[in-house]
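J.: Line by line, the protein sequences are chains A and B. According to the working numbering, the first sequence is numbered sequentially starting from 1. According to the working numbering, the second sequence is numbered sequentially starting from 1.
When the alpha-carbon atoms are kept at most 20 Å apart in a straight line, the in silico EDC-like pairs for lysine to aspartate or glutamate are as follows:
| id | chain 1 | residue 1 | chain 2 | residue 2 |
| --- | --- | --- | --- | --- |
| 1 | B | LYS20 | A | GLU182 |
| 2 | B | LYS20 | A | GLU159 |
| 3 | B | LYS55 | A | ASP179 |
| 4 | A | LYS144 | B | ASP183 |
| 5 | A | LYS344 | B | GLU57 |
| 6 | A | LYS139 | B | GLU184 |
| 7 | A | LYS249 | B | ASP140 |
| 8 | A | LYS234 | A | ASP48 |
| 9 | A | LYS139 | B | GLU166 |
| 10 | B | LYS20 | A | ASP157 |
| 11 | B | LYS101 | B | GLU148 |
| 12 | A | LYS328 | B | GLU92 |
| 13 | A | LYS403 | A | GLU294 |
| 14 | B | LYS20 | A | ASP179 |
| 15 | B | LYS172 | A | ASP135 |
| 16 | A | LYS328 | B | GLU93 |
| 17 | A | LYS144 | A | GLU20 |
| 18 | A | LYS139 | B | ASP10 |
| 19 | A | LYS139 | B | ASP183 |
| 20 | B | LYS55 | A | GLU182 |
Derived from the structure by calculation, the hints contain no laboratory data.
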Amino acid sequence: MPVVQGMTHRWSEDQPWTMETYERTNGYQALRKALAMEPDAIIQMVKDSGLRGRGGAGFPTGMKWGFIPQGDGKPHYVVVNADEGEPGTCQDAPLMMIDPHSLIEGIVIASYAIRCNHAFIYLRGELVQAGRRLDRAIKEAYAKGYLGKNVMGTGFDCELTLHRGAGAYICGEETALLDSLEGYRGQPRLRPPFPAIHGLYGAPTVVNNVETIATVPFIVLNGVDWFRQWGTEKSPGTKIFSVSGHVNKPGNYEIPLGTTAREVIYDIAGGIPGGRALKAWTPGGSSTPLLTAEHLDTAMDFEGVGAAGSLLGTAAVMVMDDTTCIVKAVLRMTEFYAHESCGKCTPCREGTYWMVQVLERLERGDGTEADLQTLLDTCDNIFGRSFCALGDGATSPIVSSIKYFRDEYIAHVEQAGCPFAVERVPV
Amino acid sequence: MTDWTTVRADAEAIVARYPKSRSALLPMLHLVQSVEGYVSSEGVALCADVLGLTKAEVGAVATFYTMYKRRPCGEWLVSVCTNLSCQLRGGEEIYARLEDKLGLHHDETDAEGRFTLEHAECLAACDYAPVVTVNYEFYDCQTVQSAEALVDALARGERPAPTRGESLRTFKEIERELAGFVDEGGA
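The following block holds chain A by itself, in its conformation from the complex (with noise of 0.2 Å):
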């Protein structure tokens, strides 16, 4: 079985988010191994690596870099991307409660690479013990002098700013989340200027997931080909996958990519309970088109779920058995982005508010099969025309389902109601 521990090794060992396992356990060698090199030589070094963000896009970690501009006079910035609220998607909040000083280790690489002297963590604020860790990891690493001035007695500074969020989904877009980190409503701004030119505070500013930077000093320590015996040549090394829904091991699988989602969902998540049908899945939360059974080859890759019609995302897969109602289940995820719309932009605002209501109509068995296709003209009217990512994440679920189970939106118009409207115990 496919699951390994290369960024996950310290996962399994007592009390892993404490300074005394993380530095018995190779701790803060990639930040000496680091610190000793050029910062060309390590941005170089991540992009040999093939890295790609964690967080959804799966852009070069190593080229978003080499965005920023050097020798320009201007403060430089790194901010973690800790908002995690995909739906779906729970990896990096465990990561952050296990291994808390991998991503501070990364986050002084990165810091160290790009020229920033003040990161920032950016943290969903309903995670509490994430903060927790956090908050003791920073102040030991403090301590140690992996972090304030003079890092390690190399002259280099680098401050760190644990800041917790809201609760606002919409702050996972980068640019949301740097209007947010300065004080304001979370709400995305117009690209370009990118961040690497104007990101915090005007300046440049790398914004990266959590899981992304916190995969960096595993790629210093152990090198490039270590990271790239995993995955495909185009999306190299391994990624956490959070598989959640009907299956019968639910849980947080370091896995490399490539994958099939066949060996996920049944080899390692121990398959469907009672052995029921696969209806649907998302390879990678609920912003990603479902994919289908006839879709469970897909290698679970940037390129193989791009190339099945869908997108690898966070890897977060959510499986659903066959007495799953389709229609309810996707009025579930559109009320998701109706709630975490930011209002800033008309056609999401207002497009995933009357979704759910055409949505909510069929389901009760009051509508038409007109509705659907007033469901495809307002995904028509949102995708591609919204300010950022969420409108465009929220059609996803509407015109997969549609494409797929066409049939069972069809059933609801004709029985004037749920057909899956039965009693059913939770597994």
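Since the structure of chain A is already known, use the hints to place chain B on it.
T.: Relative to the frame of chain A, chain B by itself:
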């Protein structure tokens, strides 16, 4: 009566964490919630005064984020995730039962100020679905029965240990942590 002098000193300590003062606004709003259990008009005024903003500017931010409460929150904020992974494993049934049991609907607080109930958007614990949090501490893999037992214990004045966390804090205590004041008086 609230002693705003000490709150002001804490607010200024928050400002010192940032290169630009306005970045302190979100933690500062958590701080004022830790004093009164919600973002009161006095709290808004304090933030505005410390940061040199108008009350309207502070209010615009406070009303954007769901964790800032506009009315006094109960001592125990019970949040039930009803997003897809939790819904598939019974989150809606748990929420419905707690609505009945507590006699509360979404974002309502009982007359005694003990419980506030809410259905929450994805709480990033999908592998432990269905999940309930109390003051943002995780109670994993809940059932209707276990969620009822949790609320019963709270009503008896107990503080059941979270599944992944430490001791359960009150809403005001946890809001102080959210303002960045952790382990005061020792871990």
